[in-house]
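S.K.: Residue strings, one per chain:
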Amino acid sequence: MPSRRLFLKSAAVIGCSAAAHPWMSSMTFASTPGENRLVVIILRGAMDGLDAFQPYGDANLRGLRSSISIGPEQGAHDLDGYFALHPSLGTLLPLWKAGELAFAPAVSTPYRDKRSHFDGQDILEAGTGTDLAPGDQRDGWLNRLLQNMPGAQSRTAYSIGTEEMRILSGSAPAKSWAPQVRLRISPQAELLLRRIYEDDPLFHAAAEEAIEIAAEDLTPAQGTGRPQRDASGIASFAAARLNEETRIATFSLPGWDSHASQARTLGRAFERLAAVILTLKTDLGRNWARTTVLAMTEFGRTARENGSGGTDHGTGGTMLMAGGAIRGGRMIGAWPGLAEGDLYAGRDLMPMRDIRAYAAWAMRDLFAIPRDTLERVVFPDLDMAENPRILA
Amino acid sequence: MIAYPELAAIRLGYGLSPLMAAPVDPAQVLASVAGAGPDADAISVASISAMQRDLVRLRRRAKAGDRKARAQADDIGALSDRMIALAQRREMARALDAPAGFGERLVRFWSDHFTVRGGNSERRLLGVSLVDEAIRPHLGGSFADMMFAAETHPAMLLYLSQQGSVGPNSRFARKRGGGLNENLAREMIELHSLGVGADYTQADVRQLAELLTGLRYHRDRGIFDATRAEPGPETVLGRRYGDKGPASLDDIRAVITDLAARPETARHLARKLVVHFVSDDPPQGLVDRLAATYSESGGDLAVVNAALAQAPELAARFREKARQPYDFVIAALRSLGFTGRQLLDMKPGVFQRGIIRPMALMGQNWGAPRGPDGWPEAAHSWITPQGLAARIHWSAQVLPRLHRVRPEPREFLAAAFGDTASEPLKWAVPRAESVRDAIVIALSSADFNRR
Numbered sequence: 050m051p052s053r054r055l056f057l058k059s060a061a062v063i064g065c066s067a068a069a070h071p072w073m074s075s076m077t078f079a080s081t082p083g084e085n086r087l088v089v090i091i092l093r094g095a096m097d098g099l100d101a102f103q104p105y106g107d108a109n110l111r112g113l114r115s116s117i118s119i120g121p122e123q124g125a126h127d128l129d130g131y132f133a134l135h136p137s138l139g140t141l142l143p144l145w146k147a148g149e150l151a152f153a154p155a156v157s158t159p160y161r162d163k164r165s166h167f168d169g170q171d172i173l174e175a176g177t178g179t180d181l182a183p184g185d186q187r188d189g190w191l192n193r194l195l196q197n198m199p200g201a202q203s204r205t206a207y208s209i210g211t212e213e214m215r216i217l218s219g220s221a222p223a224k225s226w227a228p229q230v231r232l233r234i235s236p237q238a239e240l241l242l243r244r245i246y247e248d249d250p251l252f253h254a255a256a257e258e259a260i261e262i263a264a265e266d267l268t269p270a271q272g273t274g275r276p277q278r279d280a281s282g283i284a285s286f287a288a289a290r291l292n293e294e295t296r297i298a299t300f301s302l303p304g305w306d307s308h309a310s311q312a313r314t315l316g317r318a319f320e321r322l323a324a325v326i327l328t329l330k331t332d333l334g335r336n337w338a339r340t341t342v343l344a345m346t347e348f349g350r351t352a353r354e355n356g357s358g359g360t361d362h363g364t365g366g367t368m369l370m371a372g373g374a375i376r377g378g379r380m381i382g383a384w385p386g387l388a389e390g391d392l393y394a395g396r397d398l399m400p401m402r403d404i405r406a407y408a409a410w411a412m413r414d415l416f417a418i419p420r421d422t423l424e425r426v427v428f429p430d431l432d433m434a435e436n437p438r439i440l441a
Numbered sequence: 012m013i014a015y016p017e018l019a020a021i022r023l024g025y026g027l028s029p030l031m032a033a034p035v036d037p038a039q040v041l042a043s044v045a046g047a048g049p050d051a052d053a054i055s056v057a058s059i060s061a062m063q064r065d066l067v068r069l070r071r072r073a074k075a076g077d078r079k080a081r082a083q084a085d086d087i088g089a090l091s092d093r094m095i096a097l098a099q100r101r102e103m104a105r106a107l108d109a110p111a112g113f114g115e116r117l118v119r120f121w122s123d124h125f126t127v128r129g130g131n132s133e134r135r136l137l138g139v140s141l142v143d144e145a146i147r148p149h150l151g152g153s154f155a156d157m158m159f160a161a162e163t164h165p166a167m168l169l170y171l172s173q174q175g176s177v178g179p180n181s182r183f184a185r186k187r188g189g190g191l192n193e194n195l196a197r198e199m200i201e202l203h204s205l206g207v208g209a210d211y212t213q214a215d216v217r218q219l220a221e222l223l224t225g226l227r228y229h230r231d232r233g234i235f236d237a238t239r240a241e242p243g244p245e246t247v248l249g250r251r252y253g254d255k256g257p258a259s260l261d262d263i264r265a266v267i268t269d270l271a272a273r274p275e276t277a278r279h280l281a282r283k284l285v286v287h288f289v290s291d292d293p294p295q296g297l298v299d300r301l302a303a304t305y306s307e308s309g310g311d312l313a314v315v316n317a318a319l320a321q322a323p324e325l326a327a328r329f330r331e332k333a334r335q336p337y338d339f340v341i342a343a344l345r346s347l348g349f350t351g352r353q354l355l356d357m358k359p360g361v362f363q364r365g366i367i368r369p370m371a372l373m374g375q376n377w378g379a380p381r382g383p384d385g386w387p388e389a390a391h392s393w394i395t396p397q398g399l400a401a402r403i404h405w406s407a408q409v410l411p412r413l414h415r416v417r418p419e420p421r422e423f424l425a426a427a428f429g430d431t432a433s434e435p436l437k438w439a440v441p442r443a444e445s446v447r448d449a450i451v452i453a454l455s456s457a458d459f460n461r462r
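Chains as they are written, first to last, in the numbering used here: chain A, 50 to 441; chain B, 12 to 462.
So here's chain A without its partners, still in its complex pose (with noise of 0.2 Å):
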């Protein structure tokens, strides 16, 4: 069993750098992985931040957009005077003064120049740098942070969805499910089935999780095919399992690729992507106050404005961050600016810092792992800087 020597091992390493920092002990030493419960939703597709978070504020961005992204004299939400928020998300903005939505607006993954979906996608979610080939990166760091977490077990990290998300894939067990599905077979044939498998361990995997899941009764959504409630249902589920031992979800929205009539498909995007933040809320109660939600893209997009009233592949995109847990109500980090100059390579958003710094703060905040974890096991080679402070 790798995956037990490789968590003991690691327990050595954290009990190594516990004793020698003693302030930290109590609470990595604990024998559950704790109160805090962190979301990771991965926007698949590239979401462009200037429209999520609209810096009308800087008078560049009108010689750069016509159609889209203006701010409030088109419907969006003044937050400060300088961002506005899509009218699309609107429904967020109670969050916003309650300092439980915050956002940074310029940051980045090591990944730079081919602008590949797929490729971001994958570097988000190994969260490495690019030294390895990109198809090469089969671990996940949510993964590697269950690896590293003191207590960690097999539920204590869920993806959910009908996709794979390769950020919790790993030699760490984790759950894996979707709302929509069922497994009613009958109980001679379940022992058959498991008895079959038993020589195939992808298959054998796959079926004790699903068996050991779909008995648990989880009044299950009804799948719609409808983007909207299919959403809703994951954060749902996720909700529900957040509510018991799970304290890491994560899932993917995809429908954020808008190279043409920005205005039309970013909205049901966004709509969709405040349905799912409010639903986590909702169904959390009390424990959405201990909860972080982070949602990331591969990258963002070009800050002008293409011929077809969308935006092409960039590099710095915008980080949102949602929960009771965090010090919201706030732009997080620093803003480049959109001048001529200030832009990378002549066309996207500057990025202007690490995506993963502040992914790794999170956790260091959340659940106490050590910054020489995060630095050298889950983010290899990061340089976490100094502490951007997320959570309240």
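Careful: at least some of the hints might be erroneous.
Each pair of labels, with its calculated beta carbon distance range [what the hints assert, rightly or not]:
1) A/E265 x B/A379: 46 to 52 Å
2) A/D127 x B/G256: 36 to 42 Å
3) B/G208 x A/S116: 35 to 41 Å
4) A/D248 x B/S445: 20 to 26 Å
5) B/D299 x A/R376: 52 to 58 Å
FYI, nobody ran anything at the bench for these hints, they're computed from the structure. The C-beta atom is built at its ideal place from N, Cα and C for all residues, glycine as well.
Given the structure of chain A, go ahead and fit chain B onto it with the hints provided.
M.R.: Leaving out everything else, chain B in the frame of chain A:
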């Protein structure tokens, strides 16, 4: 040692069937490629644009109060919805009925390589015609021809946002403004030809995007509009295009021919084929052989298909691939003797609830892959707890209602697996408490879900 017919049916086709013999040799496998050309029901761009023109005209008259025009417009709308639903089933029916399914598997492979996805009914119909007009005719032809047909097909131009890409110095832009859209150019290099690992830069993407301006679908005026084309020349991967005379479709054909001939393209396509047909961990020897075959033949897919159909790695790497949900559903139906006719006769609601929805739960929302890179290949992308549960549940609860046959379990094992069933499976099937459970166990087994 697995016999060639079983190997070919399971690895290169859609599985064994009690209704037809498996192909006995590579020649029969390759004959199925010719058999997968467009059929009498093929949908053309010309017919779709004619239909859309009628629709626009009728809707205009309807708006002015013409009741008859409104009824006719509604009829055309309903007709196009029926055509889309039918096209989806038509392709499945061909896969169900194909004795050696290699041709139909190649249709799926190349349609996935040149992924497009829907939108409104016109765009979905165009997606169907891309398969009929750009993929099926070229399965055993030149890759450059297939690539040109796919890249310039209206469905691709719409899906990869080429419609709005205007040369910044074109006649059109000088009067009405507009700019480039890089989407098609990027995917043409990254996904359709060289592959993302190849040595190209953002400048190549940009230059190709400039060269592609002018490509635009218009119902009446075709796919090229010179007024939007950026004045040349452009340099893509070190070669100059468009320096002779005004911009034309010939420049675009030239760059596609050159992209198709690149050694990186040979390696990228060879690797993709081997990953799809042989193993997630592709044997390098076969990848190199197919790439060499491709290059030496000048990108002739017939020669590449032949090399693949004869590869000894098919036997050496048996069952290293997981069947994707589409492949699994077709193979399951085939193993029970379900015919294409029966599928075509299914009521629309039954087809949705019995085939399309279950496939989405297995992880494959048919017709809607998450991006232009198509469906994932790796077994672990599909054999997840939820994905496997959805397959088992479908076999147990849905399939028996679609097809009420109860074959004798041992006969079923022989029909579905030939001599390839593993010992544990042969042990387990007779121990099921009902015929129904025996089929569930066989169809849910790793043996059946791998190929």
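S.K.: Does each hint hold? Answer for all of them.
M.R.: Okay, the hints, checked on the actual structure:
no. : hint                        : in the structure
1   : A/E265 x B/A379: 46 to 52 Å : violated, 30 Å
2   : A/D127 x B/G256: 36 to 42 Å : violated, 53 Å
3   : B/G208 x A/S116: 35 to 41 Å : holds, 36 Å
4   : A/D248 x B/S445: 20 to 26 Å : holds, 24 Å
5   : B/D299 x A/R376: 52 to 58 Å : holds, 56 Å
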